Amino acid sequence: MSWFDRIGTSGFWRRAKAMLVKEFVQLRRDRVSFAMIVMIPIMQLILFGYAINTTPRNLPTAVLLQETSDVGRTILAAIERTGYFKITHRLSSVEEFDRVLASGEVLFAIEIPAGFERALRRGDMPALLVAADATDPVGSSSALGALNRIAQVALINERMLPDQTQPLFEIRAHARYNPAASSSLNIVPGLVGTILTMTMLIFTALSVTREVERGTMESLLSMPISPLEIMVGKIIPYIMVGFTQAALIIGFGILLFGVPILGSLLLLGLLSTLFIATNLSIGYSFSTVAQNQLQAIQMTFMFFLPNILLSGFMFPFAGMPVWAQWIGEALPLTHYLRIVRSIMLKGSGFFELQYEVLALFVLMLVAMTIAVTRFRRTLD
Amino acid sequence: MMAAQSDIAIDVHGLTKSFDGRVVVRDLSMQVKRGTIYGFLGPNGSGKTTTIRMLCGLLTPDSGEGTCLGYDIRTEADQIKRHVGYMTQRFSLYQDLSVRENLEFVGRIYGLKAPVKAATDMIARLGLQGREEQLAAQLSGGWKQRLALGACTLPSPQLLLLDEPTAGVDPKARREFWNEIHALASDGLTVLVSTHYMDEAERCHEIAYIAYGELLTHGTVEQVIEQSNLTTYNVSGDGLQDLLHELDGKPGIDMVAPFGASLHVSGRNEKKLEAAIKPFRESGKYSWSRSEPSLEDVFIELMNRSKDNFR
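Sequence lines, in order, name chains A and B. If you use my numbering, the first sequence corresponds to residues 24 to 403, in order. If you use my numbering, the second sequence corresponds to residues 363 to 673, in order.
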C-alpha cells in the first residue's frame, strides 16, 4: 500500500478540519487578538487615510518685510492663497529670520528686501528670498514649486502690471540644511529613530510576559525584589544595546551617505539615550498590561505604526491636520526626529531642543509610572 | 521580632480564597511547629497550592489572618519573602541559564555577600559538580528538582514551602530528595511540603489532609488513622471484583477499594459494618481478616465524606 492510500484524502480533510476547529476555538478565547483583528485595520485606515497628506498645506511660514509696499502685500496674499503656506510669524530682523528656521518653528521664511517695489517697476527684476527648511525635502519641494508661477500671475492681475513673458522678479529659493535636497540626508537620521523604536519596544514588551509564560514569574515574585528594581534591571541592558545600534546606523550613515553631524556628538548621544530609555519604558509598560507575548507583540505593532506614519518620518508633520499633529506630539519618535535632524543637519544645541527633551522625559515618566503601578506583585 | 522567636513557624486562621466566585480554600487554619516536616496532602485541585501561595504572600486571602515566621501574611509579605524559600510546582528557574548562573542570580537577589561562593558550595552540596555549566533546560526532571531545592535553600531560609516537589520524579531521586529534606529539618529548618503520594506522608513528622479547599484532618500519621474511627477488613480470594460491586454502597459500608490482590472494606461504625459483611463472611467464599486502615483508606473515606457535604 502506498503512502497516499494509507493517509487517504478523506482523512486529510478530517484531520485538517480538526485543526481548523481547534484554531477557531482558541482564537475566540483570545479576546484581545480578536479585537485586534477588527480594530487594527479600521483604526489605521481612518487615522492614516485622513491624516496623511503627501502634498502638505498650510505650512508655517515667517515673513520679513524690509519695506511696506502694496506689491509686497499682494505677493504675500497670493502666496497664502496657494494654500501651501500659512504666515505665522512676522519678523523684524535677519537674526530672527535665521532663528525661527533653526528652531523649527517655521518651515519657510520669506524676505522681501528694501526697494523691492521700486526695482520691480523699473524692470530690474529684484529677488525675493525664500528660505526653506529642507531637512524634510518632501514637505518643502512641492510648496516651492507652486510658489513661482502663482506669485507672478497674482501680481500681473492685481497690480495691473504689463503681462510679460519675462518674469517680473526672481524667487531665490534656498534649501537650508540640505541644499541638494538629498533625501538620504533626511532619511538616515529618521531611520535611527525608526529602527530604535521598533527594536527597543520589542525587547522590553516581551520581558515581563515572557517571565509569566515560562513560569519564572512565580519564583521571581516570591523573592525579595521590588517592581521598580525589576524594571530598572530589565531596561538598563537594552539601553546599551540601543546605544550600540544607534552608533552603527549613524556610523554607516556617515560612511555610506555622507550624512553630516553639524551639532555636538555628545548631545546626540545623550538625547539618543533618553529616547532609547523612553521607548524601553513604553515597551515595558506594554509588557505589564499584556497577558501573553502575542498580545505584547500586537500592542507594540499598534504603537509602532503611528510612530512611523504620524511622526514626520514618512510624511511631513506640518502637513497633517491639527488632531493628527496632537497624536504625533504624544509619540516619542516625533520628538526624536526633530532632535536628530536638528543636531545632525542644523547643528542645533540643547537650548533649541529643550521642548523635545522635556516631551521625551514626560513620556518616559508616564510609561514608567504605568509599568510600576500595573506590575502585579501577587498572582491574584 | 518576638513572635519570630516563638516555636510556631506557621500560624494561620480562617484563610479563605476564591477565584471567580469559586471557593478554592475555605476557612483553613493550621499551625506548624518550628523544625518539623509538615506534610500537606490532598488530591489535585484541593487548594494546596493556593494555601502555600497565601502563606508566602503571593496571594492575598479574601478573609482570615495569620503569621508566617511571626510576620503578618497580609502586611509583611516583604519580610516573609526574605526568610521563606518557595519551591514552585512547575520548574520556575531560568531554563536558558546554567545551573551556576541560576544559583548566582538567586544569591544576588537575596543580597548574599558572596553569591559566587554560595553557588559553588550549593553545587557541591547538590552533587551537581560537572553539570554546573549545563543549561537548566537540559537537566533531567530529578536534577531540575534538586536544583530548584538548592535555589530556594541558598539564602538560608527559616521556612521551606515545597509545592509537590516530587511530582514526576523517579523513586530513587524521590528517596534522595527526602533524605535531603530530613537533613535540612535536622538543621532546624521548618518544611511544609505538599504531595499526593501517600508513602511520602509517612516521612513527615505531621500531616494535614485537604480536600475541596477544606482541611479535613491533621496530626501525626498514627493520630490521623486513629481519629478516623475506621474499621477495616482485608478480603482475599477469587472473584473480588464481583464482591466489590455487591458491597459498594451497602449501608454500613463506607468504602470498598481494591488493594493489590486484596480488597479493603471499611466502615465508620464498627457494628454496622460487621452486620453488613456478615452474610458474605458466612458464605466462606473469601477469607476475611481485620486489619488497620491505611492512610489511603482514611483519606479516600474523608474525601468521599466531604464530597457528600459539597454536592
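Treat the hints loosely; a few may be bogus.
[To be verified] With beta-carbon atoms standing in for the labels, derived distance ranges:
#, chain 1, residue 1, chain 2, residue 2, range
1, A, Asn315, B, Gly530, 22 to 28 Å
2, A, Ser33, B, Lys634, 20 to 26 Å
3, A, Leu317, B, Asp483, 55 to 61 Å
4, A, Val389, B, Thr378, 34 to 40 Å
5, A, Gln377, B, Thr482, 47 to 53 Å
6, B, Ser391, A, Arg399, 24 to 30 Å
7, A, Trp349, B, Ser391, 37 to 43 Å
8, A, Val389, B, Asp458, 30 to 36 Å
9, B, Ala499, A, Trp349, 36 to 42 Å
10, A, Arg399, B, Thr378, 17 to 23 Å
Hints were generated in silico from the structure; no laboratory data involved. Since the structure is predicted, the reported quantities are computational estimates derived from the model, not experimental observations. We treat Cβ as the ideally placed atom computed from N, Cα and C, and that holds for glycine.
Inset, instruction - With respect to the beta-carbon atoms only, verify the hint that alanine 499 (chain B) and tryptophan 349 (chain A) lie 36 to 42 Å apart. - result: violated, 48 Å
Legend entry - Distance restraint evaluation - arginine 399 (chain A), threonine 378 (chain B), Cβ atoms, bounds 17 to 23 Å: holds, 21 Å
Inset, instruction - Hint says 37 to 43 Å; check whether the CB-CB distance for tryptophan 349 (chain A) and serine 391 (chain B) agrees. - result: About 58 Å separates the Cβ atoms of tryptophan 349 (chain A) and serine 391 (chain B), which means 37 to 43 Å is violated.
Legend entry - Cβ separation of valine 389 (chain A) and aspartate 458 (chain B), checked against the hinted range 30 to 36 Å: holds, 32 Å
Legend entry - Whether the CB-CB distance between serine 391 (chain B) and arginine 399 (chain A) falls inside 24 to 30 Å: At roughly 28 Å between Cβ atoms, arginine 399 (chain A) and serine 391 (chain B) fall inside 24 to 30 Å, so the hint holds.
Legend entry - Cβ distance range 34 to 40 Å for valine 389 (chain A) and threonine 378 (chain B), holds or violated: Taking Cβ atoms as reference, valine 389 (chain A) and threonine 378 (chain B) lie about 38 Å apart, which means the hint holds.
Legend entry - Distance restraint hint 22 to 28 Å, applied to the beta-carbon atoms of asparagine 315 (chain A) and glycine 530 (chain B): holds, 25 Å
Legend entry - lysine 634 (chain B) and serine 33 (chain A) - C-beta distance against the hinted 20 to 26 Å: Violated - the Cβ-Cβ distance for serine 33 (chain A) and lysine 634 (chain B), about 60 Å, lies outside 20 to 26 Å.
Legend entry - CB-CB spacing for aspartate 483 (chain B) and leucine 317 (chain A) relative to the 55 to 61 Å hint: Violated, since leucine 317 (chain A) and aspartate 483 (chain B) (Cβ atoms, about 41 Å apart) do not stay within the stated range.
Legend entry - Cβ separation of glutamine 377 (chain A) and threonine 482 (chain B), checked against the hinted range 47 to 53 Å: At 52 Å between Cβs, range holds.
Consistency with the previously given hints fails for numbers 2, 3, 7 and 9, ordered from lowest to highest.
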